[in-house]
Amino acid sequence: MSRYMRLFGWTLALFLLWMLFAQSFDIQSLITGWLVAGLVAFVNRDLLLSFANDLHVSRGNLSAWIKYTGFLIIDVFKASVQVAELAFARRLALNPQFVAHESKLKEPMMRVFLANSITLTPGTISVEAPAQGEFVVHALTDGAAAGLKGWHIENLLVEIERRH
Amino acid sequence: MIATVIGIAFLLGGLFFFTAGTVGLLRFPDALTRMHATTKCDTLGAGMVLVGLMFFEGGSMYLVLKVVLLIVFLWVTAPAAAHYMARAVYRTQGRDKHAGGD
Amino acid sequence: MELTALLVTCLGLMLLTFASLYRAIVGPTPADRVVAINVIGTKTVVVLMLIGYIFQEVPYYLDVAMVYALISFLLTIGVARYIERGTIV
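Protein chains in written order, with this note's numbering: chain F, 1 to 164; chain V, 1 to 102; chain Y, 1 to 89.
Hints are computed from structural coordinates only; laboratory data are not their basis.
Cβ coordinates follow ideal geometry from the N, Cα and C atoms, glycine included.
Hints are not guaranteed to be accurate.
Simulated DEER-style distance windows between Cβ atoms [unchecked claim]:
id: 1; chain 1: V; residue 1: 72; chain 2: F; residue 2: 4; range: 37 to 43 Å
id: 2; chain 1: Y; residue 1: 86; chain 2: F; residue 2: 143; range: 34 to 40 Å
id: 3; chain 1: Y; residue 1: 21; chain 2: F; residue 2: 162; range: 23 to 29 Å
id: 4; chain 1: Y; residue 1: 64; chain 2: F; residue 2: 30; range: 20 to 26 Å
id: 5; chain 1: Y; residue 1: 81; chain 2: F; residue 2: 164; range: 45 to 51 Å
id: 6; chain 1: F; residue 1: 91; chain 2: Y; residue 2: 85; range: 21 to 27 Å
id: 7; chain 1: F; residue 1: 50; chain 2: V; residue 2: 27; range: 25 to 31 Å
id: 8; chain 1: F; residue 1: 95; chain 2: Y; residue 2: 21; range: 37 to 43 Å
id: 9; chain 1: Y; residue 1: 60; chain 2: F; residue 2: 142; range: 47 to 53 Å
id: 10; chain 1: Y; residue 1: 21; chain 2: F; residue 2: 58; range: 35 to 41 Å
id: 11; chain 1: F; residue 1: 43; chain 2: Y; residue 2: 21; range: 24 to 30 Å
id: 12; chain 1: Y; residue 1: 29; chain 2: F; residue 2: 13; range: 24 to 30 Å
Which chain F residues stay away from chain V? Per the calculated CB distances, all over 12 Å, these [as the list claims (entries may be wrong)]:
id: 13; residue: 9
id: 14; residue: 17
id: 15; residue: 56
id: 16; residue: 104
id: 17; residue: 127
id: 18; residue: 139
id: 19; residue: 142
id: 20; residue: 162
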């Protein structure tokens, strides 16, 4: 697909978003929306053109993506329950620490996904997430720090990257 | 009727997680640990309350779509904001624990 | 019953907002304050949605909530950048 076709697709997507927000179908709103969508797509053309490619969604790994989303929601639930347990405990049983974490992921966008997943799941927050090199993670307890090795969500992301 | 009960359950669950997050914010010892409490519990709490609202009447298809958009936005931005804050704290205070950075 | 649940959640969230305000005022470091204000922002978004459902004016409050979520995110990024580098731009 050529550059212009892809920019046109983005303009269409932005126009649909505009329609979702505006909720009116009169001629003035349609014309304004089309112009604004085109302008936004034009100004952000470099970002938008590389974004779809960076996102790593293809027919081969769609099932892995769905699995990843499901596991992420379950893990966020577990994380919140764990924080609730820690917060309501009679005595605070915390051992905050920084941990270095080496990741097998190569693509920058997949590393962003890994950093966001680390932040949302039990007991860990990503602190440094560089494009290459190792992550620095802040862990709330010893168990959370140990659980980062061979973590199932990271394995899923590796699988997504491999199948793309 | 069933929808209303499910919606109310979601609302109260969300309120519980918000409470846990706030207690963590008030009790935990330093900024990074407080961030742990708020990021996870508030993200899940907001998601649960908004999902619960979708079960109530008075919403058209448009509104449901927009609420879903709002939930996705909150779920994407909350960890990003927390990561950025944590990095700022780490780079200004925690330099002695790990050599490196730039 | 529906309305009661909405009111209870709304009032509970407002009380929690005031509790978070303690950390925003007292919090020893700037980072603590920003975390507290971020939390207050998320709660405000949810409270706006609840108020919309209570008054049966969802579309208007939904738009306000979305813009508030955007601004709250930008605020956090701006202050984090200021803490890290000493300037915003």
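Evaluation of the provided hints:
Separated by about 29 Å at the C-beta atoms, residue 72 of chain V and residue 4 of chain F break the suggested range of 37 to 43 Å. At about 37 Å, the CB distance of residue 86 of chain Y to residue 143 of chain F agrees with the hint of 34 to 40 Å. Between residue 21 of chain Y and residue 162 of chain F the C-beta distance comes to about 48 Å, which lies outside the given range of 23 to 29 Å. Between residue 64 of chain Y and residue 30 of chain F the beta carbons are some 24 Å apart, a value that agrees with the proposed interval 20 to 26 Å.
Between residue 81 of chain Y and residue 164 of chain F the beta carbons are some 32 Å apart, a value that contradicts the proposed interval 45 to 51 Å. Between residue 91 of chain F and residue 85 of chain Y the beta carbon distance is about 38 Å. The supplied range of 21 to 27 Å is therefore violated. One distance hint, 25 to 31 Å for the beta-carbon pair residue 50 of chain F and residue 27 of chain V, is violated here, with the actual separation near 44 Å. One distance hint, 37 to 43 Å for the beta-carbon pair residue 95 of chain F and residue 21 of chain Y, is violated here, with the actual separation near 29 Å.
Checking the proposed 47 to 53 Å range against residue 60 of chain Y and residue 142 of chain F shows it holds: the Cβ atoms sit about 49 Å from each other. At about 47 Å, the beta-carbon gap between residue 21 of chain Y and residue 58 of chain F misses the expected band of 35 to 41 Å. Between residue 43 of chain F and residue 21 of chain Y the Cβ separation comes to about 39 Å, which falls outside the hinted range of 24 to 30 Å. The given range of 24 to 30 Å is broken by residue 29 of chain Y and residue 13 of chain F, whose C-beta atoms sit roughly 42 Å from each other.
At the 12 Å boundary, the C-beta of residue 9 of chain F stays outside the reach of chain V, the nearest C-beta of that chain being 19 Å off. With a least beta-carbon separation of about 8 Å from chain V, residue 17 of chain F fails to lie farther than 12 Å from that chain, contradicting its non-interface assignment. At roughly 16 Å from the closest C-beta of chain V, the C-beta of residue 56 of chain F stays outside 12 Å, upholding its exclusion from the interface. Listed as a non-interface residue, residue 104 of chain F keeps its Cβ farther than 12 Å from every Cβ of chain V; the least gap is roughly 20 Å.
Against the 12 Å criterion, residue 127 of chain F falls within the reach of chain V, whose nearest CB is about 5 Å from its own CB. With a least CB separation of 9 Å from chain V, residue 139 of chain F falls inside the 12 Å interface cut-off, contrary to its annotation. Here residue 142 of chain F stays apart from chain V, with its beta-carbon at least about 14 Å from theirs, past the 12 Å limit. For residue 162 of chain F, the condition that its CB be more than 12 Å from all CB atoms of chain V holds, with the nearest at approximately 24 Å.
Hint compliance for this structure: hints 1, 3, 5, 6, 7, 8, 10, 11, 12, 14, 17 and 18 are not met, and every other hint is.
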